Each structure stands twice: as C-alpha cells, then as structure tokens.
Amino acid sequence: SQKIEQNSEALNIQEGKTATLTCNYTNYSPAYLQWYRQDPGRGPVFLLLIRENEKEKRKERLKVTFDTTLKQSLFHITASQPADSATYLCALEGTGFQKLVFGTGTRLLVSP
Amino acid sequence: SAVISQKPSRDICQRGTSLTIQCQVDSQVTMMFWYRQQPGQSLTLIATANQGSEATYESGFVIDKFPISRPNLTFSTLTVSNMSPEDSSIYLCSVAEGREQYFGPGTRLTVT
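Just so you know, the protein sequences line up as chains A and B, in that order. Mapping of the first sequence onto our numbering: position 78 corresponds to residue 78, and the numbering continues sequentially without gaps. Mapping of the second sequence onto our numbering: position 51 corresponds to residue 163, and the numbering continues sequentially without gaps.
Here chain A stands alone, though its shape is the one from the complex (with noise of 0.2 angstroms):
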C-alpha cells in the first residue's frame, strides 16, 4: 500500500542546533517532494519544494535533501530558533495533478 511516514515522536532540541527531520515514502514515484509548516489552529504553510532531479534545495536556513532511490526526503533547519517550533508536514502527488497526499507530520520544540 501507498504510505508517506515521518517520525510521529516529537523532537526536541536546543536552540541553535540544527534539526533534522524525515519523511520515508513507499509505492510512489513523485516527480516532486514539498515540505510545509504546521502551528497549532493554523493551515499550512508552503516552505519548500524539491524536484526528483534536484538531491538537495536551499533557503534561507532550511535545507532539504531528496532521494529517489532510499524513498527519502530530510528537511534541516540550521541554527534553530524557538520561533521554528512547530508541526513539519512533507507532501507528494498522489492521485494526479495538484492533489498532495500529507504525511503524518512530526512536531519540533526548539528550546532555549
């Protein structure tokens, strides 16, 4: 079956530390991997997108790495602030054109 999995354990760091977070997909082949950013009582927020021909996308701090072959996509937040706490939520196409399947997200606590 078709499943897009990120770890459900929420992860802790400090301050200025770099996070890494991952996003594991099976029985897909996404032409392209977003990522998007989650607070609480809030929609989505659009960050990044990475094409299956591009290994890795900058901005600003955030970094994201795509791997066709492991099924993988990890998203890095460098020199972390309190401010990036929050649900990190990474999408693919699923049943056609626009229509983005979500992963489980994983929840980051940066503190200071």
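No wet-lab data here; the hints were simulated from the structure. Some hints here could point you the wrong way.
[Stated by the list, open to error] Calculated pairs, DSS-like style, for lysine-lysine (alpha carbon to alpha carbon, straight line, at most 25 angstroms):
#, chain 1, residue 1, chain 2, residue 2
1, A, Lys-71, A, Lys-3
2, A, Lys-99, A, Lys-17
3, A, Lys-3, A, Lys-17
4, B, Lys-177, A, Lys-99
5, A, Lys-99, B, Lys-119
6, A, Lys-99, A, Lys-3
The model shown is predicted, which means the values in this text are computed figures rather than measured ones.
Starting from the known structure of chain A, fit chain B onto it as the hints suggest.
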C-alpha cells in the same frame, strides 16, 4: 501568494444536522481543494472543485455527504451533511499556484 479566508472559523453542531463552510480567495483560481484534518492526524484530500463543473471526490468521500459548490473563480463551499461525531475535524480549503498550495486557516468542527 493567494490569501484565503474561511467561514466559520469554528462551530459546534448537533448530530444529524448539516454545516456549510465557505472559502474565499483574493484572486481568481482554476482549482480549489478541500481537505480534512482529523484530530491528531494529517491532512486528507476530500475533493477538487473546478468552476463550472462537478467536483471530483477522492476515494472514501461522496457527494451526498460532502456536496461542494463552486459558483465562481474566487469562492467555494463545502457542506458536511447529516453529521456524526466522526465528522469532528478541521476542514481546510486550498488553492494551488503551480505546484505550491496555499491554505485557508481552517474551520474547526465539533459534532456532539
């Protein structure tokens, strides 16, 4: 990026009743999407709404339970019909700009 508003932001409803959720976008868009986020879960796509045509529903969702209207390029409604406690969720609409999606703030529905 598109700015999306939803009404109501939250509601408490009795079982057997129906609730219509409104989604307004500040620009004209071709497709709008409706998602459900059950407590502690990730987002699940309910349907895709194109202006001037019937909505397309994902597996497990039917028009009789979740009728959708799309009267113009900036507005859509989702009705949750004959509600049961299992319908208690956050309902979100979104629009796509290319492959990036932008979400409304969500409607938190509690069915008692």
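Hints versus structure:
| no. | hint | result |
| --- | --- | --- |
| 1 | Lys-71(A) x Lys-3(A) | holds (11 angstroms) |
| 2 | Lys-99(A) x Lys-17(A) | violated (34 angstroms) |
| 3 | Lys-3(A) x Lys-17(A) | violated (30 angstroms) |
| 4 | Lys-177(B) x Lys-99(A) | holds (20 angstroms) |
| 5 | Lys-99(A) x Lys-119(B) | holds (23 angstroms) |
| 6 | Lys-99(A) x Lys-3(A) | holds (15 angstroms) |
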